[in-house]
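There are 2 protein chains.
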Amino acid sequence: MPLRAHHVVIDAEDLPGLAAFWSEVLDWPILSEREREVVIGPSVDAPFGICFMPAGEPHTTKNRVHLDLTTEVGDRDVEIARVLSLGARHVDVGQTGDESWVVLADPEGNEFCVVRPKVNLIG
Amino acid sequence: MPLRAHHVVIDAEDLPGLAAFWSEVLDWPILSEREREVVIGPSVDAPFGICFMPAGEPHTTKNRVHLDLTTEVGDRDVEIARVLSLGARHVDVGQTGDESWVVLADPEGNEFCVVRPKVNLIG
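Protein chains in written order, with my numbering: chain A, 1 to 123; chain B, 1 to 123.
Errors might be hidden in some of the hints.
[Stated by the list, open to error] With a Cα cut of at most 20 angstroms, we get these calculated EDC-like pairs of lysine to aspartate or glutamate:
1. B/Lys62 / A/Glu37
2. A/Lys62 / B/Glu108
3. A/Lys62 / A/Glu108
4. A/Lys62 / A/Glu111
5. A/Lys62 / B/Glu99
6. B/Lys62 / B/Glu111
7. A/Lys62 / A/Asp92
8. A/Lys62 / B/Asp14
9. A/Lys62 / A/Asp14
10. B/Lys62 / A/Glu57
11. A/Lys62 / B/Glu13
12. B/Lys62 / B/Asp14
13. B/Lys62 / A/Glu13
14. A/Lys62 / A/Glu13
15. B/Lys62 / A/Glu111
16. B/Lys62 / B/Asp92
17. B/Lys62 / A/Asp14
18. A/Lys62 / B/Glu57
19. B/Lys62 / B/Glu99
20. B/Lys62 / A/Glu108
21. A/Lys62 / B/Glu37
Hint data in this document are derived by calculation from the structure and do not stem from the laboratory.
Construct all of the structure, not just a fragment, from the sequences and the given hints.
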């Protein structure tokens, strides 16, 4: 069996705080919580989740790796409003405003995008 | 429905090249290929994949967001040798060498870890 994707790891300054934010955003429970590692995921049996580990430094430049999130058709504006209320904010990474995606950042500045709903990866 | 994770997006200097590397690493086919967006994933119906988009600048500092990969028990050393042969390299991000994970970087310097095989997210 080849390697498989297991976690997206996000360096965090406030591990429980950032994990709580993303747990709310994705409606994923906190699966394990230790001082230096907090894991969220769809379920304990899911192959893939997000792991928060201590950051050496604060976020200063645009991340080279980020998450794209998507929604069901019709839910996007409501969902964007919801994550803004959870502590996300709009950020400018050079987008023109004509893109089909919205660029946000989590409470520690990690950029993520909310993309147009798609029925599958190449929709 | 809440937001769901759709892609990990990696800013790439050589989109087809970096997509080919990760396609081999994960045994995920290339699902779509455009000049400014290449997508790989387990299948067209899979909810989650990796998207490569143009990078503004080369990789210079440790990424704040990275992927953890895992293997079946017994396959790790073989898989690490395989990804090294594909163009990965060992990198030093301050690890002591006593960790249960191995830190590598892709051909453009994006760090990723190969972690101890786990039966599930909290194993």
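Hint check results:
Between the alpha carbons of B/Lys62 and A/Glu37 the distance comes to roughly 18 angstroms, so the proposed pair stays at or under 20 angstroms and holds. With a CA separation close to 16 angstroms, the supplied pair A/Lys62 and B/Glu108 stays within the 20 angstroms bound. Of the pairs offered as hints, the one joining A/Lys62 and A/Glu108 holds, with about 12 angstroms between alpha carbons and a cut-off of 20 angstroms not exceeded. For a cut-off of 20 angstroms, the pair hint linking A/Lys62 to A/Glu111 stands: about 7 angstroms separates their Cα positions.
A C-alpha spacing of about 28 angstroms is found between A/Lys62 and B/Glu99, which places the hinted pair above 20 angstroms, so the restraint is violated. A C-alpha spacing of about 7 angstroms is found between B/Lys62 and B/Glu111, which places the hinted pair at or below 20 angstroms, so the restraint holds. At most 20 angstroms may separate the alpha-carbon atoms for a hinted pair to count; A/Lys62 and A/Asp92 meet this at roughly 10 angstroms. Proposed proximity of A/Lys62 and B/Asp14 is supported: the alpha carbons are some 19 angstroms apart, at most 20 angstroms.
About 19 angstroms separates the Cα atoms of A/Lys62 and A/Asp14, which keeps this hinted pair within 20 angstroms; it holds. For the suggested pair B/Lys62 and A/Glu57, the alpha carbons sit about 10 angstroms apart, so the restraint of at most 20 angstroms is met. Restraint check: the Cα-Cα separation between A/Lys62 and B/Glu13 comes to about 15 angstroms, which is no more than 20 angstroms; the hinted pair holds. Under the criterion of a C-alpha separation no larger than 20 angstroms, the hint pairing B/Lys62 with B/Asp14 is consistent with the structure, at around 19 angstroms.
Under the criterion of a C-alpha separation no larger than 20 angstroms, the hint pairing B/Lys62 with A/Glu13 is consistent with the structure, at around 15 angstroms. A distance of roughly 16 angstroms separates the Cα atoms of A/Lys62 and A/Glu13; the hinted pair therefore holds under the 20 angstroms criterion. For the proposed pair B/Lys62 and A/Glu111, the alpha carbon gap of about 16 angstroms is at most 20 angstroms, so the pair holds. About 10 angstroms separates the Cα atoms of B/Lys62 and B/Asp92, which keeps this hinted pair within 20 angstroms; it holds.
Proposed proximity of B/Lys62 and A/Asp14 is supported: the alpha carbons are some 19 angstroms apart, at most 20 angstroms. Proximity of A/Lys62 to B/Glu57 is assessed by CA-CA distance (about 10 angstroms); at most 20 angstroms being required, the pair is judged to hold. Under the criterion of a C-alpha separation no larger than 20 angstroms, the hint pairing B/Lys62 with B/Glu99 is consistent with the structure, at around 18 angstroms. Proximity of B/Lys62 to A/Glu108 is assessed by CA-CA distance (about 16 angstroms); at most 20 angstroms being required, the pair is judged to hold.
For the given pair, A/Lys62 sits about 18 angstroms from B/Glu37 by alpha-carbon distance, which is consistent with the 20 angstroms threshold.
Going through the hint list in order, the structure does not satisfy hint 5, though it satisfies all others.
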